[in-house]
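J.: Dock chain B against chain A, hints included.
Here is what each chain is made of, one letter per residue.
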Amino acid sequence: MEGHDPSWPKTWTRRTASLPGHRASASESGPLNVASDYSVQGGVIAGGGEPSPIAVRSWHPAQAPDVIEENLALSVALFPTGWNRAVARQPEIKLVRPELASEAPRAVSVPIRHPAIRAKSFFFPDPALPVGSLPETPHASPKPAARTPDKPRTRTRLKPPADVIKLADRLRYVLQPSLETLLESRALTFPFAPFAYQWEGVAFLYPRQTAILADEMGLGKTMQAITALRLLLHAGEVRRVLLICPKPLVANWQREFHVWAPEIPLLVIEGDQARRRWQWELPDVPVKLANYELLHRDREVLEGSQGPGTDFDLVILDESQRIKNRLSATSQAASVIRRRRVWAMTGTPIENSPEDLVGIFDFLMPGYLTPAMAPRRMGRAVGDYVLRRTKDQVLTELPPKLFRDAELELAPSQRETYKLAEEEGVLRLTALGDSITIQHVFELVLRLKQICNFDPVTGESSKLERLEADLEEVAASGRKALVFSQWVDTLQRLRERLQRFGPLEFHGKIPPRQREAVLRQFREDADCRVLLISYGAGGVGLNLQFASYVFLFDRWWNPAIEDQAINRAHRIGTSGPVTVTRFLVVDTIEERIDRILQEKRELFDTVFASGLGPRPKIGLTQQQIFSLFELKCPGPTDSAADPRHQAA
Amino acid sequence: MQANDGKSNLAIGFLTVIDCPEQGLFGGYLVLNQLSRPLEFHCTTPIKPTRAQQILYGPTLKPYLYGEQIGRVLAASAKTRPAAVFTDREPALALREFVDVPVVLVPEPENGPLEGGATDSIYRIDAAHPGPSRLTEFPLGPHRLMVPSWAIADREAVGATLGGIADTFDFREPFERIREAIEEARRGG
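Protein sequence lines, in the order shown, are assigned to chains A and B.
Residue 1 is where the first sequence starts when you use this note's numbering, and the numbers rise one by one after that.
Residue 1001 is where the second sequence starts when you use this note's numbering, and the numbers rise one by one after that.
Warning: the hint list may mix true and false statements.
[Claimed, not checked] In silico DSBU-like pairs for lysine-lysine, Cα to Cα no more than 30 Å straight-line:
(1) B:1048 - A:120
(2) A:166 - B:1062
(3) A:391 - A:401
(4) B:1079 - A:166
(5) B:1062 - B:1079
(6) A:120 - B:1079
(7) A:120 - A:159
(8) B:1079 - B:1048
(9) B:1048 - B:1062
(10) B:1079 - A:159
(11) A:247 - A:401
(12) A:391 - A:247
(13) B:1079 - A:247
(14) A:509 - A:247
(15) A:120 - A:166
(16) A:159 - A:391
[What the hints assert, rightly or not] Listed next, with one range per pair, are the computed distances between beta-carbon atoms:
(17) B:1157 - A:109: 41 to 47 Å
(18) A:113 - B:1153: 34 to 40 Å
(19) A:104 - B:1157: 51 to 57 Å
(20) B:1186 - A:377: 45 to 51 Å
(21) B:1134 - A:190: 41 to 47 Å
(22) B:1153 - A:196: 41 to 47 Å
(23) B:1051 - A:396: 51 to 57 Å
[What the hints assert, rightly or not] Covered stretches of chain B (chain A as the covering partner; in silico rule of three or more C-beta atoms under 8 Å from a C-beta of chain A):
(24) 1035-1046
(25) 1062-1072
Calculated directly from the structure, the hints in this document are not laboratory data.
Glycine included, every Cβ here is placed at the ideal spot set by N, Cα and C.
Only chain A is shown next, with the shape it has when bound in the complex (with noise of 0.2 Å):
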């Protein structure tokens, strides 16, 4: 019985007491198949009969054992499971036809669309190899040192200028690497690592047409220009490249060359007229350096040349205050020069007023400023294209600048001379009537601020006394010092008196080719401790950072020409402090004028505290000069004199 349940038997047994005699019936032994053996009947199992007790009987053979009947019948209840029938029952087969055709699925189809991309597309010039060759600098390394990637450096990058509108045009500046690796990867090398600032200077007149770079002096702006148009050349974009600087920084120019930039060839316009004619006509020279003076006298090839080499890419003006005199036979000149890049430098964008500023972007951009704009609107106009930093700014790390303005008396000689000659002189000018002039009283400036130096006849000078002493102490504690003064006689009288302080002269009178020789004396020998200097011709451009002493032993009529005097010691380089001394005669012509600077220099400090805000026009007018003997001006106007070309 195949699949039953296993728990179930296969037989049953039925037990009987075994007796002598007694024959089991043929059913008592061997298994019971309950379907053959038995029936079920009324769920009795029936043997052959009633179902009936088993009998059992004692017995003894000499007694008749005593029957005990004991019913052995088991009783066997079966349950009625209706197995039999079922089996017997003929199996009865249903016939299901279900339906397999059904509707057909519905699929959903989400379409997967590839998304629209559009590229824009710019191509740059391949600046590999820029036009005409430039010679390796003999500071580059054949290979860069190897960097560490990871480690953060400084990274100046480009910014296009305002002016700069095209997409294309912005992101070509937006695209280029940082100055930094600009040259490394031209294996350009640095004899000093640059300040933060002075990068920042370099990526300003990069990308620019048109700048003004306006760091206050001694920040450095002569290598940040250089280092610029360097990398401009080494890009090839730019070939030829215009230098103009006054004549007494020449020297100082070509060796800030050969410092910042010994690879490029720098050709100093110079000698006879013929000879100037054919170095301007050159074509193939990367850097011409020439002076202010040169230009006026060459305007003629300038304008007339139209050959290649009096054609620049880039024309670079020091000291662009030179030029703010629209009318001015240098700016005339200037103004002829063939160009497409214009980059100014000046620590006094403006000296007086905002015409300055106006005359300097005459050259640069003509037309773009005029003096009828408001200060205001001038300054949101110039904002992109000039960069001004100040000392205090960046350089914090540079050592102070010590001020002490010595007040004099003059000495009894001299006052008896200055007051004749004041006297005098006021009644001459007031005698002129309406024919003076501000020559007329100029002159007498002139002649009272000399007698403030020295007296003409004694010779007589409480400023030397005072300079003598202050420069006892100098010496003494080894360190140099360089007095200023407007006059080249007063410098010569000055040396006769201090030859124990070993003097050297700078001025006008020092013939240029001696100039460096002063120079490298005064830094190299240590028994010089005094350096006598003009304003006009040491002024500006000059390092002169072992100074530590500054003697303005006369004033100057404007403020930001003696600032340019003070930074010749006061600047990139200076270990200590320097101190700057101003002279001063109390009750002269000195104090009068020194009020009138004071107001100036407020002006100044203004100006720059504010980029060009609104301010009061403000300059030595010739009705201030007038006042200064309180005379009457003559005539109406209110134009700014500056009487620097009166000084010798």
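T.: Structure of chain B alone, referenced to chain A:
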């Protein structure tokens, strides 16, 4: 991409993708010469994946968008064939299946210094269980770079063409330029 003329005109491609929450994905591709100066720049209009794409592409959405879509369009726009394309976005490595130049990942520097040999530390986070490494790291000069493990031969190709400039070339800095350029392009409309 046209053929690179040779080592003297070596060009290197840089591909990145910027995700702007408002506008979508911007792709940028910059081709530099060996002096790190730009030769070409290409950028894409922004794209935003749909919700259906996000569901259906699942974890493969970024490789699809960065490499197959954006990277492919940008690479096709370029005229100069680069020696290799560098990217700072791992999904953009999918571009390698569509171009015949090596596509190299420049990993973030904070991932730690290269310890040599292949790495087995990077897995897809959606993988049912860690499988074999998908990226192979290798050094190039002072840099640590990665290529898809299935394109492991690219290591040799990159080393052969760029090994000479590896000491001085900054392979991470150009991505900064691309981001600035894309920002400039966005401002400029």
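J.: Check whether the Cα positions of residue 391 (chain A) and residue 247 (chain A) lie no farther apart than 30 Å.
T.: The hint holds at about 26 Å.
J.: At the C-beta level, are residue 1157 (chain B) and residue 109 (chain A) separated by a distance inside 41 to 47 Å?
T.: Given about 42 Å between the Cβ atoms, the range holds.
J.: Decide if the proposed pair is consistent with the structure: residue 1079 (chain B) and residue 159 (chain A), CA atoms, cutoff 30 Å inclusive.
T.: holds, 26 Å
J.: Given a hinted range of 41 to 47 Å, is it respected by the beta-carbon distance of residue 1153 (chain B) and residue 196 (chain A)?
T.: Hint holds: Cβ distance 44 Å, inside 41 to 47 Å.
J.: With the threshold set at 30 Å, check whether the alpha-carbon distance from residue 1048 (chain B) to residue 1062 (chain B) stays at or below it.
T.: holds, 11 Å
J.: Tell me if the straight-line CA distance from residue 1062 (chain B) to residue 1079 (chain B) falls inside 30 Å.
T.: holds, 26 Å
J.: Quickly compare the C-alpha distance for residue 247 (chain A) and residue 401 (chain A) to 30 Å and report which way the hint goes.
T.: holds, 28 Å
J.: For the pair we were handed, residue 159 (chain A) and residue 391 (chain A), check the Cα-Cα distance against 30 Å.
T.: holds, 24 Å
J.: Check the hint pairing residue 120 (chain A) with residue 1079 (chain B) against an upper bound of 30 Å on the C-alpha distance.
T.: Status holds; Cα separation ~13 Å.
J.: Between the alpha carbons of residue 1048 (chain B) and residue 120 (chain A), is the straight-line distance 30 Å or under?
T.: holds, 18 Å
J.: Quick one: see if chain A covers the region 1062-1072 of chain B, three-plus residues with Cβ-Cβ under 8 Å.
T.: holds (count 3)
J.: Falls inside 34 to 40 Å, the C-beta gap from residue 113 (chain A) to residue 1153 (chain B)?
T.: holds, 35 Å
When held up to the earlier numbered hints, the structure conflicts with 2, 13, 20 and fits the remainder.
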